[in-house]
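Asker: Residue numbers (full-length UniProt numbering), protein chains in the order written: chain H, 1 to 282; chain Z, 1 to 726.
Mixed in with the good hints, there may be bad ones.
[What the hints assert, rightly or not] Here chain H is said to cover these stretches of chain Z; the calculated rule only asks that three of the stretch's residues, wherever they fall, bring their Cβ under 8 Å from a Cβ of chain H:
| hint | region |
| --- | --- |
| 1 | 54 to 63 |
| 2 | 107 to 114 |
| 3 | 253 to 260 |
| 4 | 269 to 275 |
| 5 | 707 to 716 |
[Stated by the list, open to error] Cross-link-like lysine-lysine pairs, in silico, DSSO-like; alpha carbons within 27 Å at most:
| hint | chain 1 | residue 1 | chain 2 | residue 2 |
| --- | --- | --- | --- | --- |
| 6 | Z | K104 | Z | K214 |
| 7 | H | K269 | Z | K214 |
| 8 | H | K109 | Z | K533 |
| 9 | Z | K717 | H | K8 |
| 10 | H | K269 | Z | K533 |
[Unchecked claim] From chain H, some residues computed to sit far from chain Z (all C-beta separations above 10 Å):
| hint | residue |
| --- | --- |
| 11 | S5 |
| 12 | D50 |
| 13 | F57 |
| 14 | L80 |
| 15 | D142 |
| 16 | V192 |
| 17 | L271 |
Keep in mind the hints are simulated off the structure, nothing from the lab.
For each residue, glycine too, the CB sits at the ideal point set by N, CA and C.
The primary structure of each chain is shown beneath.
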Amino acid sequence: MKKPSWLKMAGIHAGLSVMCMVTLYPVLWVVKMALSPVDGMSLTANPFPDAVTLDHFREVLWSVDAQGRWVFGRQLMASLIVGGATTVVGLSLAVTAAYALSRFRFPGKEGGMQALLITQMFPATLMLVPIYSILQKLGLLDSLTGLVLVYATTALPFCIWMLKGYFDTLPRELEEAAVMDGASPFQVFIHVVLPLARPALAVTALFSFMTAWNEFVLAATLINDPTRFTLPVALQRYVGEYKVEWGKFAACALVVSAPVMALFFALQKHLVGGLTAGGVKG
Amino acid sequence: MKRWAALLVLVLAVAWSAHAADAPAPLKLWHAYRGGEETALIQATARFTETTGVKVDLLGLPYDAYAHKLTNAIPHGAGPDVFIFNHERLRNFHAQNLVAATAKDFVRADYFANTVEALEVDGRVYGYPLSLKSLALYVNTDLVPRPPASTQELLAMLPALSNAAEGRFGLVYESGDFYFHAPFLFGFDGPLFDDTGRARFDTPGMARSLAFVKRLQDERWMPQEVSGALVKTLFNDGRAAMLISGPWFAGEIAPTVRYRVVALPTVSETGTPMKPFLGVEAAFVSARSEQAARAHALARFLSTGEASRVRTTVGRQIPADVAAYETQEVKEDTLISSFREAARNATPMPNTLEMARVWEPMKLALRAVLQGGVKPEDAGALADRRYRALHRERPADANPVPWLGLVGAMALGGTAYVLRRPAGAQSLRQRYPDLTRAATYVAPAAAGVLVLVFIPFVVGLSLSLFHHDAGQYSFVGLANFVDILASRGYSIREPLSFYFTLAVTLLWAVVNVVLHVCIGLGLALLLRDPLLKLRGMYRVLLIIPWAVPNYITALMWKSMFHRQFGAINGLLTLLGLEPVSWFTRFSTAFAANVATNTWLGFPFMMVVALGALQSIPQELYEAAEVDGASRWTQFRRITLPLLKPAMLPAVVLGSVWTFNMFNIIYLVSGGEPGGGTDILVSEAFRWAFQRNEQYGFAAAYSVLIFLVLLGWSAFTKRLLRTEETA
């Protein structure tokens, strides 16, 4: 491959820089709101703060409720537990199911796959009322377990489709060779298939985590105890119907977005391969 | 010896458990207070625990989720014993059997008469009045030494107090909100309800009140598109001489501003004082409370005596009990007494279901007039039409028997379809050798999906055959669908019509997906070259929008499109252009939604395109180069065809996501103007949660959304299949 001319390179850099600025502008704006000492805004295009204070972060991070409990810490904990558990539960359910769908023949397979996709087309808000009743019957209302189960299952259809697409691209010969060497089917699954599927697993895990970390309608409805709210529900407090506390909202928004961004950066190499390999055959 | 010890332990255990059963379980109290009001409530309940020994568990909920949570939790026995709420929703609560009538020891004379009347349904009182909320006039005493007593005086003062070029205004209030407009309406003698109790908008009073506020805005004595945040900023900067707000605003005023609170002026043309709505905040006892007697005691305790004093002095609330005004503290508190004075003219907001139906049509009329385009005398008719469209009469009941038969047949057919197998004499085990292993692998996921996805899905589907009204479901067959598809009650060119919304939704999906794919593909092409310097950094920066939760994105962009403070208008003025009111016209509101969603959606397409590009063998290009193919030919003949199989599933997925992208529409444009930019999902949401909980109608909308997407997926499946065979 020949080296492109410097003029073309300059053009590419210019194009990408402009797009990066467009991408970053709203984010800088949030950073500005979070760092500015006043909530009042003014008509300006400058995304950099005039004065800097960490007060909004301090108030958000160290907020205590009226009983003097450190709510933010508990809510962060709740978010981490819910996000982590959803990832683990969702991934283990999706991996096994997707593997079976990719490798075994059984009745109802095609129909089940179709049905899985079809449910995704029904607006989620309307399923809220029945989900509430079901969790109540199971005694899982107002508990993080219930929330994890709902998140893990709602993320499942997408995860299963992603992983099945990826498993389909993996050559079966490797598994057969392992069986020849005397490995049990389960050992094959754990030691041969899963390591090969790492990029797709990473993407699926990210997707499950994001579902749980970002969701707020279900969390706000199903959880009653404010110390068990996840962070997005806590964030909702700052943009109420009657008043908006932009500073605190922005600070909290940055805190909420940070872990997902970190995960994206950590996994971005896998992202490209994991999404497309599954997509091609999906 | 051992046996005795065991017996002793047993006896102690029994005694202890008996004792434990004696200690009452704590009462659960729900509220949506914050700040001083919350502190006051905590102190008041602490007093209750001191005097009675009954513990109280407080739960402060975000206001937006509060009502919905109550109506969900109480019927399931998961709700509070006592909850604090405004009285307007009482009729809803009552219809759903959520509230208990007050106990025998409730004394009407303890409270102001109009507060008790506000809590009456069919001659019985539900709830203990805590405090009054109504609007009054805040006056900056440095700018206005003597507050206006009539609108004539007000109009005479405004020109001197206003200078729009300097951003100074004589009067500010949230003019686009009906709650704030109501005092004008009643001041101009406009009734809101006719003799039969139905809402009426097409009245002379309505037209005159709208013309009045339109004039205030046109003369630039009052700013445009006023939000709560703007009111606060202007008043605290001394750039607003007067404002209309409620007692809650006192806590927002900067200590440097000197002000006083007076009753709203009298309308000179009619001689009637401007009458704001009176809202009564009350402590309600849940109908499902298992400790009813204690719950009533708590509610009563909070509404009177010591607790009332604490709520007044600490929480700065305007108490509803008469005795509170006898205490020295309250007498000396001018804010409290002036609000009490101002509330004399207030009309209790009716607690009827009818009241809940008024907000949306009124908001539409108000904004249509203030944003121009609709004359004040025509706005009433506009509101009337919208009101009739939203107020659906209960359809006739249908006979469920044929439906049950149909459902049974479909269930059988569905099972047969799922389990279908070609004819053959083989046993199940022979045909599927992996059956047991497959079952163990699939079972956990299948169980979860069945319980938490399929059952809610089926319930959602069947809900569309019912009519829901205040907790009562009635089977109406296809009536909901007939109403939607026949566009009953509105022309198909109106935003409320299914066809209009469908057209907007399709436009929305197409525009977005095209932009996502084009921008994503363009960036992927730029990023393709592995020798590109800083490639990793660019990629990381360009992925950021994907990593930000989409409701944060939505709120972020909403604030950027703000008329007065938005960064977008900031950029426009920087370029020497006029600022734009983004949400007053369909085209600009739609553009704002699209801009937000494009920012949010292109990284996904970029990543997919990048992956697909990397899988194209470089040799193809080299061979093409040898054959003398131009860049453009290479792109058309090699890149595009090879991208297609990877991009197509992503496009299908993206189109489904966009089609149902609720957060962006709901949070950015909020359907403005007049519901025009609503898409099908947000419309379904409004029917379910904002228009008297018409779940059945909303479910019918959802089923139609579902059918549209099903058709789309069937179409794309064929597309994908031809792709594979090609």
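Asker: If a hint holds in the structure, say so; if it does not, say that too.
Answerer: Here's how the hints hold up against the structure:
1. 54 to 63: Coverage by chain H holds for the region 54 to 63 of chain Z (6 residues, Cβ < 8 Å).
2. 107 to 114: violated (count 0)
3. 253 to 260: Per the Cβ count (0), the hint is violated.
4. 269 to 275: violated (count 0)
5. 707 to 716: holds (count 3)
6. Z:K104 x Z:K214: Between K104 of chain Z and K214 of chain Z the Cα gap is close to 50 Å, so the pair fails against 27 Å, i.e. violated.
7. H:K269 x Z:K214: It is violated: about 58 Å lies between the C-alpha atoms, which goes past 27 Å.
8. H:K109 x Z:K533: Distance of about 47 Å is beyond 27 Å: violated.
9. Z:K717 x H:K8: It is violated: about 40 Å lies between the C-alpha atoms, which goes past 27 Å.
10. H:K269 x Z:K533: Answer holds: K269 of chain H to K533 of chain Z is near 17 Å, not above 27 Å.
11. S5: holds (12 Å)
12. D50: holds (14 Å)
13. F57: holds (16 Å)
14. L80: Its Cβ never comes within 10 Å of chain Z, the nearest being 15 Å, so this holds.
15. D142: violated (7 Å)
16. V192: holds (15 Å)
17. L271: At about 5 Å from chain Z, L271 of chain H fails to clear the 10 Å cut-off, so the statement is violated.
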